[in-house]
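**Student:** As you go down the protein sequences, you meet chains A and B in turn. If you're matching positions, the first sequence starts at 1 in the numbering used here and goes up one per residue. If you're matching positions, the second sequence starts at 1001 in the numbering used here and goes up one per residue.
Some hints here could point you the wrong way.
DMTMM-like mimics (lysine to aspartate or glutamate), calculated; alpha carbons at most 20 Å apart, straight line [what the hints assert, rightly or not]:
hint : chain 1 : residue 1 : chain 2 : residue 2
1    : B       : K1025     : A       : E9
2    : B       : K1102     : B       : D1145
3    : B       : K1047     : B       : D1231
4    : B       : K1050     : B       : E1227
5    : B       : K1023     : A       : E9
6    : B       : K1102     : B       : D1231
7    : B       : K1050     : A       : E36
8    : B       : K1023     : A       : D68
9    : B       : K1200     : B       : E1053
10   : B       : K1200     : B       : E1068
11   : B       : K1102     : B       : E1227
12   : B       : K1101     : B       : D1231
13   : B       : K1021     : A       : D68
14   : B       : K1047     : B       : E1223
15   : B       : K1079     : B       : E1109
16   : B       : K1200     : A       : E36
17   : B       : K1050     : B       : E1187
18   : B       : K1101     : B       : E1223
19   : B       : K1021     : A       : E9
20   : B       : K1139     : B       : E1187
21   : B       : K1136     : B       : E1068
22   : B       : K1200     : B       : E1189
23   : B       : K1025     : A       : D68
24   : B       : K1102     : B       : E1068
25   : B       : K1047     : A       : E36
26   : B       : K1094     : B       : E1142
27   : B       : K1102     : B       : E1223
Partial chain B-side listing against chain A, Cβ under 10 Å, derived [claimed, not checked]:
hint : residue
28   : K1021
29   : F1028
30   : V1032
31   : F1039
32   : G1042
33   : V1066
34   : M1206
FYI, nobody ran anything at the bench for these hints, they're computed from the structure. Just so you know, even glycine gets a beta-carbon here, dropped at the ideal spot from N, CA and C.
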Amino acid sequence: MSMNSSPPEQNADWTLVFACWLLASVATLGSLFFSEVMGHPPCVLCWYQRICMYPLVLILPAGLFPFDRNILRYALPLSLLGLLIAVFHLLLVAGYIPESIKPCVQGIPCTEVQIVWFGFVTIPLLSAASFLLISALLVLSHRRSPM
Amino acid sequence: MKRKAREVRQTGPVAPQQKSKGKQKQLFVFAVVFLLLVFAAGALVYKNQKANEAAQTYQRNKATFVREHSPVFGSPGAKVEIVEFLDPACETCKQFYPLVKKLMAANPERIRLYVRYAPFHNGSDQVVKILEAAHKQGKFWETLDAVFAAQASWAPNHRPQPQLVWNHIGGLGLDIARLNQDMNAPETERVIQQDLADAKTLNVTMTPEFFVNGRPLPSFGAEQLQELVRDALAAAY
Chain A
1 MSMNSSPPEQ NADWTLVFAC WLLASVATLG SLFFSEVMGH PPCVLCWYQR
51 ICMYPLVLIL PAGLFPFDRN ILRYALPLSL LGLLIAVFHL LLVAGYIPES
101 IKPCVQGIPC TEVQIVWFGF VTIPLLSAAS FLLISALLVL SHRRSPM
Chain B
1001 MKRKAREVRQ TGPVAPQQKS KGKQKQLFVF AVVFLLLVFA AGALVYKNQK
1051 ANEAAQTYQR NKATFVREHS PVFGSPGAKV EIVEFLDPAC ETCKQFYPLV
1101 KKLMAANPER IRLYVRYAPF HNGSDQVVKI LEAAHKQGKF WETLDAVFAA
1151 QASWAPNHRP QPQLVWNHIG GLGLDIARLN QDMNAPETER VIQQDLADAK
1201 TLNVTMTPEF FVNGRPLPSF GAEQLQELVR DALAAAY
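Could you build all of it, start to finish, from the sequences and the hints given here?
**Tutor:** The following block contains the structure:
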């Protein structure tokens, strides 16, 4: 990847942000697969997480072409908020948060577990992992190249 | 950064930095195409698998699709059977209802329609109870017509208010005292629970859901339903 006229660190950072975009795109398409193809209706908390994830698919490329290390400033608030909601969702499903402050009353209960892979991977876990990875990679790409 | 790129462009047509950027763009475009293809292929494979599973269930265990208690319309000798899971409060169900009737009218004696209850809206189970009680009096289809026709007034904005339904079924000649009694009979509740359980087994999460001789819609839409019926007719007749 690295070329002599653009600093190699910058190419590495570009790759990190590109990886963030890949993660966000896979998460977006994955969630659309669950709801539109498999027919699992998304609960309220899932929608809030989608609100944080979907824009990343469009915002991150804006920071890739041309490469802008300040992309962190636009993308990190979304990924951190998404992470927060995903962790809340996980705690809710695990039962650590009492029913009374559950935000969804009607329709699809947020505590309903629709998919379990390998005995522990659920949709909110996938979401939390994606947001965490995206946030970490964004911070890493920003820290490595002081300008 | 931008200025730098401009300078490079001025010095030569194939500067190394531009080359690297071109590669990055290629990689990005490749990733977009790849992800979309994987999604489309996955969706196709999944739908196919589900359709085959449903067709197999239909052969092996037809009872999941059609129960003894299910209201049925059309000639007993018909070889094409449409099973429709519907919710009386669902707007799309109302819109599809005339279409199904039209399909049946266009192919007399060849199509049978079974209705299954899927009261997914809060409160529409009360309306289903009215329908089921009317079914006991042999007036299911008239009542369903009336309920759908007046849907906008008793279920505004997807908020069913079952008590309002009574205003619209007065002219059907129903025995109201008996209707009330049948509505609250444990048997009626059992019918609803059975239909909901079958809906779950058949992976019905949205209404209306159709099965034509056990085959679900490949994707939701009026044309898809027409096509499925056309294929089933062609196979049976």
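**Student:** Which of the numbered hints above does this structure break?
**Tutor:** Hints 17, 24 and 33 are the ones this structure does not satisfy, whereas the remaining hints hold.
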